[in-house]
Each structure stands twice: as C-alpha cells, then as structure tokens.
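Novice: Here are the chains, one letter per residue:
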Amino acid sequence: MRRDSILRCRWAITGTLLLLLISPAAAQEPPSPDELKELEKSLGRDRATARPDVPAAGGAAQSMNPDIALILDAAGAWFQSDAPLQTGGHDPRETGFNFQQLEMFIAASVDPIFRLESNIVFALFGVEVEEAFGTTLALPWGLQARFGQLLTRFGRKNATHPHAWHFVDQPLMLGKVFGSEGSRGLGVEVSWIPPLPWYVEVLASSTGAAGECCARSFLGGDSLDVDGLEDFLYTLGLKQFFDFGVDWSLLFGLSAQLGPNGSGLGNRTEIYGLDLYLRYRPANSTRRTAVSLQIEALLRARQVPDDSLVDAGGYAELVWNIDPSWEIGGRYEYGSGVDGDPLDPEWDEDRHRGALQTTYYPSHFSRVRLQGSVDLPLWRDAPEWSVVAAVELIIGAHGAHSF
Amino acid sequence: MRFLTCLAMVLLGAGSAPAKVRVVTTLPDLAALAAEVGGDLVDVTALAAPSMDPHFVDARPSFIVPLSRADLLVYNGVELEIGWLPPLLVNARNSAIQAGGAGHLDVSAAVRRMEIPAGRIDRSMGDIHPGGNPHFLLDPRAAARVASVIGQRLAALDAPHAETYLRSASRVAHMLDALARDGAERLARLPVEKRRIVTYHRSLTYLVDWLGLEVVAEVEPKPGIAPSPKHIASVLSTMRAQGVKAIFQEEWYPRSTSETLGKLAGAKVLAIRGGTRFEDGEKYSERIRKLISEVEDALGR
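Chains A and B, in that order, are what the protein sequence lines are.
11 is the number of the first residue of the first sequence in my numbering; add one for each residue after it.
27 is the number of the first residue of the second sequence in my numbering; add one for each residue after it.
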C-alpha cells in the first residue's frame, strides 16, 4: 500500500517535471502523461546499452607519444575483525578509507622489433615497478619473448592487474602461494604458438626466485644468491582455447612453477595449477550481456627440513555482465592449511571465503563497486564479515585487455 | 616407402595448388570486399560476426591463429577496433601485419572521413572518435575506395597477379559507385518530408549523407550517452512536429525505446543489419541492395 502511493507520487512528480522541462518545445505538441510513462518504461528496458561508440581502450590521437594511462583505485571498508586476513598487496586491509593504488600504465612500440610496456604503481608512501618488460613482435615460427620485470603467466589471474579484476581483492591462494604482489620477477619468457588449427600456446619463463612479495614459496628473502640455473624460478604453461559457436568459448590452461626454497640447502618448491574460463556472450544481444565462469586451482608441495608440506586451494567466480552498466558476481575460495607451515604458521586448518559484488559502470572509464565477504578461517573462532565500497577511475589511453 | 613419399610430398608442398594470399579482416563487410577483389587468389577470414557491434568484440585467442598466418590484415581504423585488435596484433607474432608492415592495411586512410572533431576534445563531451566517424562502410561510395585500396595492396603483395587485382578492384569500385548513384537517385524521388528520420546513435552519418536523408533528432542526446525521459519526450515532439515516419538504427542497439517512439509517432523502426553475411556467401553489394530496399520501405516509397 505504502509502496503504491510512493510509486504514484513518483510518477506524478516525474510527469510534472517532464512537462515543465519540455515546455520550451510546447509548440511541438508535448506527449501526454500516459505516453511519457510508456516512454519511461521503454527507457528502463533499454537501460544502459547506450555507450556503444566508446573505444573500450581509450582513445588518443595517433602520435609518437606512448599510450599513457592513470588508474586510481580507492575504497572505503568495514571489517568485523581487527586483523583481517587479506593477502593481496593492494587489497583494502582496514576499516576506514583505503588507498589501494595509483597505477601508471605506459606502453608503445619501440620499433618494428620490440614493444615496451610498463606498470608503475604508486602507493601513499612509495613507488614500485610492478612490470616493465619488452615484447618481441617479429620472431619467426610463432615464437615470442618477453623480458624484464614481469608477472609470470601462471594461471589466469596472476598476470593481470587489479583494475582487470571483478572483485576488489586478490584471491587468497594467490597471495598465500605467490605473495601479496603475485608471482613476478626479473627474467625472460618465451612462448610459442604451434601451427595447429586451434589456439594452443606453450610458454616457459625463468625469473628471480626471491622476494616475500612475489616469490614467497621460494626464496622468501630479498637476496637471490645465484650459483647456477637451479637457483632460478621456472614457470611453464600450456593454454588452449576453444570456440563453441559464436556465443560460447572456453580457455583452459595448465601451469607449473618450480624453484628453490629457503628452508634448507637444495630444498625445492613445486606449484601446479589448472585454470578454466568459460564465457557465454550471445552475439545477438542488444544488451551486450555476458556470463563468465572462472576457476583456478593450485597445488603446492614444499620440501622443508625432515618433511614435505602439501597444500591446495583455489577459487571459482561467476560474473554476470547484465548490460554495459551493471555487473554482479559471486566468488568462493578455499585454501587448505598444514601444520608447521613456516610461511603461515597460523594457517593450519582450512579456510573458506565467499564474496558477492555488484558493480556500476558509469562509463568504460569508471566503476563503482560494492562487495560483501565472509571469511571462515577455521583456526579462528567465528566467521569474519566485511563490506567494501570501491571506486576506480581511468584517464588516458589504456591498452585493451587480452581475453 | 609409399607412405614416406606421401609424407615428403606433404612436407615439401609438392603437387599442391599455388598458395593463396591469406587475408584477415576485422569486419565481415571488409571480408566481403576483399573476397570480391581477390577472387580465387585469396583466402579471406573475417574475425567479427556480422551481428557483433564492432566496438565490442571479445578479443578471442582463436583470432590469433589466422592473424599469425596472415599475409594481409585489413581493418576499419579510426579506433573502431581499438578495444580488441591491439592485443591480438601483439600476440599474433607476425611481423608482416604489424603497423608499418606490408600486410597492415588501415582502410580509413582511403576514405573521406566525416565528423572529425575540431579543437580540443575530452571524454566529458561524450564518446567522440578523435579521427572522425568510423562508420563509413554503410556508404558504398566509401566501400568503393576501400575496394580500390585493397586491390592496390594485394597487387603489391602478390606482384605476379597485380594486374588481376587492380582490374578486379576497379570493376568492384565502379559497380559500387553505380550502386551508390542508383540508391541516391531512388531516394531522391521521395519528397523531402519523407526523407526525415530519427537515428538511435550517430553511426549512420555516411548513410544519411549518401542517400540525402535528414536526421532531425537522435535517440541518444549525445553520442554514447543514455537517453533521458526529457530527451525522449523532446524527440517525440520533434517527430510529430516534422512528420518523421522512420527511426533507423543498427541491429545491435537497444530497440525498446525506439519501438515505443515509433508506436507513439506512427513511425517504422528499421534495424539495419550490422554487416555482410560473408560466411553465408553474401556479397557486399547484395547487402547494400537490400539496405536500399529496406530504407525505401521504411520511408514509404
């Protein structure tokens, strides 16, 4: 009853305002209130599919200057726990305002042979070179090399930056296994697309194995005492993509990362991963709707003095892009624990985390997100709830993302 | 022994037909033009499907396979494909089709572009392409220029057949110019008041220019900005005042508002097909002939 009167009142006010607003065109026979209602309804049905012409990657006029973009991520957060167990370096971490990052992206072709790409991240009290690497453009036989400071292409999410994520925080297993910044380091990667009828990519990279931030399952300290090839971290990957008609597609990958760990002379760590990305996007949809399911699973085995530690985990996230303006998503995460873990001594039992998010995109270059999460670390007494409202703004020419 | 001989023949390519020029186009309209110019000498692949909005194509890894083997990449340009083509191009590892390569062809350089913004622009002004309006493939006059430039590039890449490509491109260009004249003449027979239309988005600029139509209003208040009730009410008033009987839009834009406007103003909604059904063997000229008939029907010939 109350809702009905509110709706009636709203229609009356809207109708009156509309009539007032269009009064300068009154000579052109204004629509009747019934017609206005009908138009409003149809506008609601078309809601949001209305930014069709914007280049998704931002547009600068062609010039000799590189593409430069700035991406701001900031959030207001509430955590039930005084010590939330966020694992990502750019996650909201405390109740109150959180400056997640200001990312500067710069990229351009160097010459016909190389392309240079860099992501420099500013925090409130520091700057880090997240990535700065060259890519070859003209190697023969389907080969390509990247070299410099780079995120390894283990799985699907590790090689991407927070502005490409649907949720405001890093999946907990990536933080636990690779570190708060994900798996990255100085090194070189070679990939190959064999001459097959479908998309297959094989890759191998070698990077420095040191750093709590970026290789914590390996040499967690900052120094990398390289005596031989066995002291580097090796990442291997196999990716395959399948089209199922115009509407469905599937990307499937297997990854492995091998290297030394710091628990003792000759002790090694092995991480294995499986990733899957299933996407449904009907080509005939005028709302540009899409549904995607992304799953990553990781298994880690570490040699430690007198023992071998094995743990596993991963995440599954389902995201529905309702139209260009709205998106909703859900994510479930799991990470097992082991007794006597030197990296996470507290994490000796299973941990589950669930999250729901809704995102509004005012344009391609901004988004506002609301995410609610519940964290269940079984070694703590009770579930821990959190709510994050985050905003992201992009200016400049930012390169399009890969699939 | 026989097996080894067969294997050797396959590996060495003995007895195989002469290699065709492998052409990859971003859009099916471009694929249809390239296939018509190149004929049996080319093998053409279109990346986007005809019903896809070319601004928002998923950069599927499967596109990398034909791109990695392409001799020639033909794309629209003017940033129409900027949201998905650049990462594919980097991952294709094919120097021939990289910018500056002999197999890299941005056809927008060959056409007369409209609506090039003057002065300083930024994103607060809505969605503006700095290089001008990119939707020129709905105008067969522009497509004729595109066919010519594709022919020239094929002639450069495959010199032994240069004469064939140039002759074919000239034939296609003349045919499209004639088709354009025919369409314009047919529409010119309609009285001026019947040639007034409303469009959903400012993507039909070249079509309107070619056929001598007049856009009296757009459903979007600015390019890419969602229509408000106030704006729609004003569009309806304008349609009634000027007797507009048709709303034109491409098939990928939302239709509910246009259909309601059409019902209230007594106007037809024409959802223009996004691209040539190249995979079904349709030619670009056939698509344009159908388009002319649809426009005539919508305007009430």
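The hints are simulated quantities; they were obtained by calculation from the structure and are not laboratory data.
Any given hint could turn out to be false.
Claimed, not checked - Over the 10 angstroms line for every Cβ pair with chain B, so calculated as not near, a few chain A residues: (1) LEU46; (2) ALA133; (3) LEU147; (4) GLN159; (5) PRO207; (6) PHE252; (7) ALA266; (8) LEU268; (9) VAL301; (10) ILE305; (11) ASP358.
Stated by the list, open to error - 30 angstroms max Cα-Cα, derived BS3-like pairs, lysine-lysine: (12) LYS309(B) - LYS294(B); (13) LYS220(B) - LYS316(B); (14) LYS47(A) - LYS256(B); (15) LYS220(B) - LYS289(B); (16) LYS309(B) - LYS289(B); (17) LYS220(B) - LYS248(B); (18) LYS271(B) - LYS248(B); (19) LYS271(B) - LYS294(B); (20) LYS248(B) - LYS289(B); (21) LYS271(B) - LYS220(B); (22) LYS51(A) - LYS248(B); (23) LYS289(B) - LYS51(A); (24) LYS51(A) - LYS46(B); (25) LYS220(B) - LYS256(B); (26) LYS248(B) - LYS47(A); (27) LYS309(B) - LYS248(B); (28) LYS220(B) - LYS294(B); (29) LYS309(B) - LYS46(B); (30) LYS294(B) - LYS51(A); (31) LYS271(B) - LYS47(A); (32) LYS316(B) - LYS47(A); (33) LYS289(B) - LYS47(A); (34) LYS256(B) - LYS51(A); (35) LYS51(A) - LYS309(B); (36) LYS289(B) - LYS256(B); (37) LYS47(A) - LYS46(B).
Even for Gly, the Cβ is constructed at its ideal location relative to N, Cα and C.
Novice: I'd like to know which numbered hints this structure contradicts. Please list them from smallest to largest.
Specialist: Per hint list: 1, 3, 5, 6, 16, 24, 27, 32, 35 and 37 violated.
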